[in-house]
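**Student:** Chains as they are written, first to last, in my numbering: chain A, 385 to 643; chain B, 3 to 309.
The hints are simulated quantities; they were obtained by calculation from the structure and are not laboratory data. None of the values given here were measured: they were computed from a predicted structure. Among the clues, some could well be false.
Chain B regions said to be covered by chain A (calculated; three or more residues, Cβ under 8 Å) [as the list claims (entries may be wrong)]:
#1 7-17
#2 111-121
#3 292-300
Beta carbons are placed, not taken as given, at the ideal position from N, Cα and C, and that holds for glycine.
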Amino acid sequence: MTLGRMLMVFVLLTASGATPALAERMVVSLSNNRVAVTSSFVGENLVLFGVIEPGPDRTGLRASYDLVVTMTGPSQTMRTRRKERVLGIWVNIDSREFVRVPSYLAILSNRPVDEIANADVRRRLQVGLDNFLLTQRIGPDIADTVRDDPYRVAFVRLETLYGLYRQSASAVTFLTPSVFRVAIPLPSNVPTGSYPIDVKLFSGGQMVARTTSTLEVIKTGVEQYLVDASRNYGLIYGAATSLLALLIGWFASVVFRRD
Amino acid sequence: MQIYLPIADIPVNIFLVLGMGLAVGFISGMFGIGGGFLMTPLLIFIGISPAVAVASVSSHIAASSCTGAITYWRRRAIDVALAMMLLSAGIVGTATGVWLFTELRALDQLDLVIGLSYVTLLSIVGALMIYESVHAELRARKGMPATLRRPGSHNWVHGLPLKMRFKRSKIYVSAIPVWGIGFIIGFIGAILGIGGGFLLVPMLIYFLRVPTATVIGTSMVLTLITMASATVMHAVTNHLVDAILALILMVGGVIGAQFGARTGQKMRGERLRLLLGLLVFAVGMRFAYQLIVVPDDFYSIRQVTEP
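The following block holds chain A by itself, in its conformation from the complex (with noise of 0.2 Å):
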């Protein structure tokens, strides 16, 4: 096979891999590319906006479309323990390690996902919590369990409760049937980073265009000044703080002196 050979069948299976599936283009925007977290920070609400336009090839429009909006926070390690009684009291007992799973995970979409498209569908593309993937350490292995595992539920369950994962089948709008509007809530205690979002855009029980955009949450000011220190000068920080104690201890005791 010559250069020229390869080179074509290479440019034949891209085009082929890409193209057909993905006649249609979105646009999106976020309402703030950028959360800052201050001392007055008490969660956000974000809006993304977004516009399907016909493909290169001038593929009109489809009659109805669904979206399925996924974001995610930095991952992080957390560990799900469950409590048992012993000697009468309770005691956690056993637990499992969720490795890097999303600190923040919203899942938004126009109507409910199991109506946009089938199980197997929904399975490979991770749409809905009970899709998304989430990997426990089991033995020396790091997998998914399946969607009924206790230990999976009450994860998820407990990080719903929290205002850290979310499921919602209301959160996107759509404003004419080629312009959506999607709510993303950011409650207060969503730690900082990068959070990728993933916009899927279906039809017919099937995605017809994907597109990505990014969201940065930061500490800015004293917070960050604060956290740094803490975590990269702890020494100085914890002397600091005592000093401060100390300080204001003294001036107490100057200011209500009473002999």
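Position chain B relative to chain A; hints supplied.
**Tutor:** Quick look at chain B alone, frame taken from chain A:
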């Protein structure tokens, strides 16, 4: 008004935390204790993780005991030699406590140990205080003198070797129980986020026969130094001291303590001890309830690595 705590990573109402500082400060001033055994559970209750609560409260106790120590220093009511002896063991105890704290956290058993220790410690100490003060109150009613055993009466502690003389307190005791008490207080303080004043004062009185004139001042110096060093050690090993939270608590605490001290001076000793005993016992029972009652949720999650 909400304020975001950078290390605890949650927003809290600044006035709520300030109010807690004031209230606990009032109680600590009234009874001459640090108040850590009340503050740590309160912080856990408003949603701050036990680990951050324990680490941050240590600096709050350092601030309130600093005010107290300065006041007693002016009255020359501090036995420096005794405080230094207690301290030498107290630092070792604090370091051991911080080390164990880190280990237990890794094993997911920190909450249980904190809970169990609170139950045991607080219910026993609380019950003893209630018993002792009711007893004293009854004796006073019958017209008998309300005094306990006088300093000078000996017990087994006084038979131990390595005797030392502490001039300010006018006592002559072995160094072994002094070190033992210092170690225990430092250790408990680091693990439970309590200064240990409510334990140290009775221990010094009952075991070492330290006179009431110097006991509180000396205890405050010890609390001050062990808690200041616990703050540093927690900051170095676990990075969990929240300076913003500590600052709000300190400001509330030192102000509250002044008003508490004035109220405390108007009350009789036995009445005061009875109230403190009831308070200590109630907090102990609250923890017992939490351990025994069926939890709302059998599962809990904890972050293992930073995002």
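**Student:** Now, for every hint given, state plainly whether the structure supports it.
**Tutor:** For each hint, the structure was consulted:
Counting residues of the stretch 7-17 of chain B whose C-beta sits closer than 8 Å to any C-beta of chain A gives 5, which meets the bar of three, so the coverage hint holds. Evaluation of the coverage hint for the stretch 111-121 of chain B: fulfilled, as 4 residues show C-beta separations to chain A shorter than 8 Å, against a requirement of three. Interface restraint, the stretch 292-300 of chain B with chain A: holds (6 residues with C-beta to C-beta distance below 8 Å; minimum three).
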